[in-house]
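K.L.:
Chain by chain, the residues run as shown.
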Amino acid sequence: MSGFKSGTAGVEHSLVKNHFKLKDNLFGYLLLLPFLLFYMLFTFYPLVQGFIVSFFKWSITGPKVFVGISNYQELISDNFFWESLWHTLGYVLLSTPIFVLGAFILAIIIDYKQIIGKTFLRTVFFLPNVLTVSIVAVIWLNMLQPYTGLTNALLHSIGIRPEIYWLSDKNLVWPSIIWVTFWWNTGYYMILYLAGLQEISEELYEAAELDGASWLQTIFHITIPSLARVHVLVLFLQVVASFKIFGQVFLITEGGPGGASRTFIQYIYEVGFQRFFVGKASAAAFVLFGIIIIVSILQLKIMDRYKD
Amino acid sequence: MKFNYVKYLINTIGIIICVAWLIPLLWMLAVTFKPDNCNTTNILNWFTPPFTLDNIKNVIGHPQANVGLWIFNSTIVAVLSTFGVLILCTLAAFAFSKINFVGKNFWFVLIMAGLMIPREATLIPLYILFKDMNLLNTYFSIIAPSLAAPFGVIILKQFFDGLSESLFEAAKLDGCSWLQMMYYIAVPLVKPALSSLGIFVFLAGWNEFLWPFISVTDPNIVTIPIGLPVFRSQYLTGQGLTMAASALLASPIIIVFVCLQKYIVKGIAMTGVKG
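Sequence order for the protein chains is A and B.
Per our numbering, numbering of the first sequence is gapless, rising by one per residue and ending at 308.
Per our numbering, numbering of the second sequence is gapless, rising by one per residue and ending at 275.
FYI, nobody ran anything at the bench for these hints, they're computed from the structure.
A few of these clues could be false.
The calculated DSS-like cross-link candidates involving lysine-lysine, where the alpha carbons are at most 27 Å apart (straight line), are [unchecked claim]:
hint, chain 1, residue 1, chain 2, residue 2
1, A, Lys57, B, Lys262
2, A, Lys118, B, Lys262
3, B, Lys266, A, Lys244
4, B, Lys157, A, Lys21
5, B, Lys104, A, Lys23
6, A, Lys113, B, Lys266
7, B, Lys104, A, Lys21
Let the hints inform the model, and build the full structure from the sequences given.
P.N.:
Below, the structure written as structure tokens:
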């Protein structure tokens with residue numbers, strides 16, 4: 001520590017310039033080192049290691065055998081791989097428009113000038129977001145149960161008589177999951193929209209009002225175009241999050257009925273941690289990584305256009 | 001004056017969504033505090049006696065539901081990872097923002113690239129790494145992978161960048177070391193950013209599911225997100241016990257949220273800045 005103290009004597013810049021440079025380098029790396037250590041060890045190294053392992057046959061305990069691209073070939077001929085990938089892709093395509101639109105609507109409700117109980121509404125809409133996935137799963141597992149769940153009871157009370165098997169009907173399981181995730185996560189995107197709404201100049205709305213524009217017209221002609229950057233941000237955050245969907249599905253349906261809700265992460269989990277095909281699971285993980293990289297690069301490219 | 005139907009329409013929609021959002025949570029409370037033989041699927045029954053604490057008592061006394069321990073472990077994990085992230089990210093962000101060192105751009109790009117690396121894609125090697133280090137089933141193993149958070153560095157660097165250069169020039173002339181400049185000038189000025197980031201990280205740590213789910217097998221370090229599903233899987237049919245456990249486990253974070261709402265919302269809005 002004494003080193004920092006003695007350096008403070010070098011006030012005369014020109015004389016000790018090189019000395020300062022060396023100190024800057026030293027101190028810069030000293031500050032960066034802890035972060036870099038954890039980053040390299042627990043993020044970067046596992047990524048590289050995963051890529052290498054994806055070319056080996058390995059069951060954690062046994063010997064590693066180099067097999068070239070055969071893990072990837074095995075994936076391509078594995079029906080479960082494609083099935084879980086399609087499920088996840090279908091979820092991405094179905095849920096994204098609903099989530100983006102839903103978050104936008106929640107935000108403009110709260111941002112509406114004459115809304116009553118603004119803060120309370122914001123609190124309630126965001127509240128599910130702070131719950132852990134396990135609590136969300138228990139609540140909705142009970143909510144969606146036939147005969148004992150509240151969802152069907154409420155539907156009965158408004159005249160919808162048939163008993164609906166939300167989680168064991170393979171046509172209803174994904175809509176159920178989308179609904180649960182919508183309830184759980186939309187508040188987060190809503191907050192991003194609200195932050196974006198604060199930045200739109202009030203004068204725009206006042207001018208439009210003077211011109212006799214209706215509320216709906218101001219939404220379409222001022223609000224929606226002004227939020228272009230936020231739309232893109234929410235869209236991509238949601239797409240990336242959706243490709244990684246796992247927890248709520250696994251805890252609510254365990255991938256059922258009959259594998260109808262098996263997600264891509266669940267596939268990786270089953271292959272890697274239940275059947276111990278470490279190489280094959282790593283190959284699948286790399287496919288996911290590839291998808292997310294493509295989506296992220298697309299995001300960077302598009303976001304770049306909205307930089308001021 | 002014309003009848004303002006837009007106002008009534010929007011307020012009505014707001015109230016309907018609000019009720020729909022609250023019903024699952026209120027039902028959780030109803031099932032928790034009503035006796036098992038009471039029909040809680042009728043909302044009218046929620047607000048009238050009988051009420052009972054039996055479900056709560058049963059959960060607390062249940063040998064397989066270590067609610068207290070799970071809350072304790074989640075607190076440890078969330079607090080330690082919050083401080084860890086804040087310290088690591090502050091140091092790195094300050095270096096990137098204020099100090100010129102060789103290879104600065106290279107490291108910054110490498111860390112930015114980390115935003116695109118999903119934890120889900122590195123789970124298997126991560127598991128093997130901790131297994132080889134003999135560190136599985138430790139608090140460290142739960143926390144360590146999330147400490148080096150690239151978005152934390154990026155957000156804090158933006159805040160450090162916004163601080164006037166003349167402050168640091170003056171401090172330099174007064175003979176301040178980098179360490180002193182960081183501790184006495186930079187950090188106090190970005191405190192709001194640090195607290196928002198801190199709360200965001202705390203929430204993420206408290207709720208983290210996937211990595212502990214895969215790596216933790218020792219019941220002594222089980223956190224809320226992985227404790228509850230194991231308990232639940234034994235009582236598929238009993239609503240009272242599992243809902244009471246959920247209500248108990250949800251209460252700390254809901255209280256924290258209601259108290260710190262302002263900062264949480266700010267923290268979330270801030271993560272949008274990174275895009």
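K.L.:
Could you run down the list of hints and mark each one as holding or not?
P.N.:
Here is what the structure says about each hint:
Restraint check for Lys57(A) and Lys262(B): the C-alpha separation of about 51 Å exceeds 27 Å, so the hint is violated. This hinted pair checks out: Lys118(A) and Lys262(B) have alpha carbons roughly 13 Å apart, not beyond 27 Å. With a C-alpha separation of about 25 Å, the suggested pair Lys266(B) and Lys244(A) falls inside the 27 Å cut-off, and the hint holds. Between Lys157(B) and Lys21(A) the CA atoms are separated by roughly 21 Å; this keeps the pair inside 27 Å, and the hint holds.
Distance hint between Lys104(B) and Lys23(A) is fulfilled; the C-alpha atoms sit about 15 Å from each other, no more than 27 Å. For the proposed pair Lys113(A) and Lys266(B), the alpha carbon gap of about 21 Å is at most 27 Å, so the pair holds. Distance restraint check for Lys104(B) and Lys21(A): the Cα-Cα separation of roughly 14 Å lies within the 27 Å cut-off, and the hinted pair is therefore satisfied.
Comparing the model with each earlier hint shows a violation of hint 1 alone; every other hint is respected.
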